[in-house]
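Colleague: Taken in order, the sequence shown gives residues 1 to 321; the numbers are from this note's numbering.
Hint data in this document are derived by calculation from the structure and do not stem from the laboratory.
A few of these clues could be false.
Quick list of the computed label-pair ranges, beta carbon to beta carbon [claimed, not checked]:
#, residue 1, residue 2, range
1, Asp-44, Trp-227, 26 to 32 Å
2, Arg-131, Asp-8, 27 to 33 Å
3, Arg-231, Glu-159, 18 to 24 Å
4, Glu-115, Glu-56, 21 to 27 Å
5, Gly-158, Pro-103, 27 to 33 Å
6, Arg-14, Leu-169, 46 to 52 Å
7, Thr-57, Trp-300, 32 to 38 Å
8, Ser-230, Ala-10, 45 to 51 Å
9, Thr-72, Asp-198, 49 to 55 Å
10, Arg-248, Asp-73, 26 to 32 Å
Straight-line alpha carbon distances no greater than 27 Å define the calculated DSSO-like cross-link-like pairs of lysine-lysine that follow [unchecked claim]:
#, residue 1, residue 2
11, Lys-143, Lys-257
12, Lys-178, Lys-143
13, Lys-297, Lys-178
14, Lys-254, Lys-297
15, Lys-254, Lys-295
16, Lys-102, Lys-143
17, Lys-254, Lys-178
18, Lys-61, Lys-178
We put the CB at the ideal spot given by N, CA and C, even for glycine.
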Amino acid sequence: MQSEIVTDTAAILRRLRDSRREAAVEGTGAAQIATMNFVVFVDDPTHRTWVLERAETVVEKHPARLIVLDSTDAASGVEVATSARTTDGATIINERVDVGVKPLGHATIISLVQELTVPDMPTVLWWSGARFLQSRTFSGLAKGAATVLVDSSGKARGEETIRELGLFLCRFTDVTLKDLAFMRLAPWQDMIAQFFDDPTLNEDLFSIDGLEIESGSDAEALYLAGWLGSRLSWEPVGRHAFRDTRGRTLPFTKIDKGDQRRVLSVVLSAGASRYRARLSDDDPNVVCLVVEGDKAKPQWCVPLQNIENTTMIERAILENA
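Full structure from sequences and hints, please.
Modeller: Shown next as structure tokens:
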């Protein structure tokens, strides 16, 4: 990989053109470049390495022009890097531009990205910044994106973050929003479904009268409750309750407990029965399920099929491709 420090947009684009030309000459076949623009914003120094490593893994598999907007103290100026590899007779070129944006205003950042993105290719924005709609940089970049990827989970984020993303969906109707916090819940959605695979318990699914979720972050509990409510046609009533199709009010209890970005347990009440799914104390990758009360069933444990973060990011990008 070749890299150099450059000082303006024209120089960046010139360097990228030269690199593509060199790769086409040196390669054994036609040069193939970006299939998308992948714009990554990072402002948390403790999270920076984690984000950049996963962004690099994604573009290694899916050729892209990677534009890193680094708002930490670790970056300054602009760095351009290119790499090429030969696959099935074609030369695959990846391009990367790192920009230290901490001293730049939002208008400058947005203009820079507009000039650097490849025209007529979809742009995916991975925003790992602390703020969403409160950031004019985020709003400006989102306008030019086909897909916006965020993670609403974490100790520093709460119910207001979910509301903000709801407003985003109303304002940016042409943009696909993907939230890693919601995507992580797929295994737990499967767990809840397992309770009611038994035909003798199926009727209780429509008799649920209470929901309790323990999680280390608000986003997981809110999303999981919202997902279940949408499947059963519940309507939210305030912050801590739903109303079902019969007009009954169902209390929703959210308990902050466990590791952030993880669900610890889910309890569904249905009449005289309780359906409980909880992470095993012995293995965090196993969930134990039990039915208590009138329709009691002995405990059984199943693997929790957690999805690796890089896989989720790829899935978020490809689902909209």
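Colleague: Given a hint of 32 to 38 Å, does the C-beta separation of Thr-57 and Trp-300 actually sit inside it?
Modeller: holds, 36 Å
Colleague: Within 18 to 24 Å or not, the Cβ separation of Arg-231 and Glu-159?
Modeller: holds, 21 Å
Colleague: A range of 27 to 33 Å was offered for this pair. Does it hold for the Cβ distance of Gly-158 and Pro-103?
Modeller: Given range 27 to 33 Å: holds, Cβ gap about 30 Å.
Colleague: Can you confirm whether the C-alpha distance between Lys-102 and Lys-143 stays at or below 27 Å?
Modeller: holds, 21 Å
Colleague: Sort out whether Lys-257 lies within 27 Å of Lys-143, counting only the CA atoms.
Modeller: violated, 36 Å
Colleague: Does 49 to 55 Å hold as the CB distance between Thr-72 and Asp-198, or does it fail?
Modeller: holds, 51 Å
Colleague: Starting from the hint 26 to 32 Å, judge whether the C-beta atoms of Asp-44 and Trp-227 obey it.
Modeller: holds, 28 Å
Colleague: Given the hinted pair Lys-254 and Lys-295, is their alpha-carbon gap at most 27 Å?
Modeller: holds, 25 Å
Colleague: Is it true that the CA of Lys-178 sits at most 27 Å from the CA of Lys-143?
Modeller: Holds: Lys-178 and Lys-143 sit about 15 Å apart, inside 27 Å.
Colleague: Lys-61 and Lys-178 were given as a pair; does the straight-line alpha-carbon distance stay at or below 27 Å?
Modeller: Between Lys-61 and Lys-178 the Cα gap is close to 20 Å, so the pair holds against 27 Å.
Colleague: How does the Cβ-Cβ distance of Ser-230 and Ala-10 compare with 45 to 51 Å: does it lie in that range?
Modeller: Given range 45 to 51 Å: holds, Cβ gap about 49 Å.
Colleague: Determine whether the Cβ-Cβ distance between Arg-14 and Leu-169 falls within the hinted range of 46 to 52 Å.
Modeller: violated, 39 Å
The structure shown violates the earlier hints numbered 6, 10, 11, 13.
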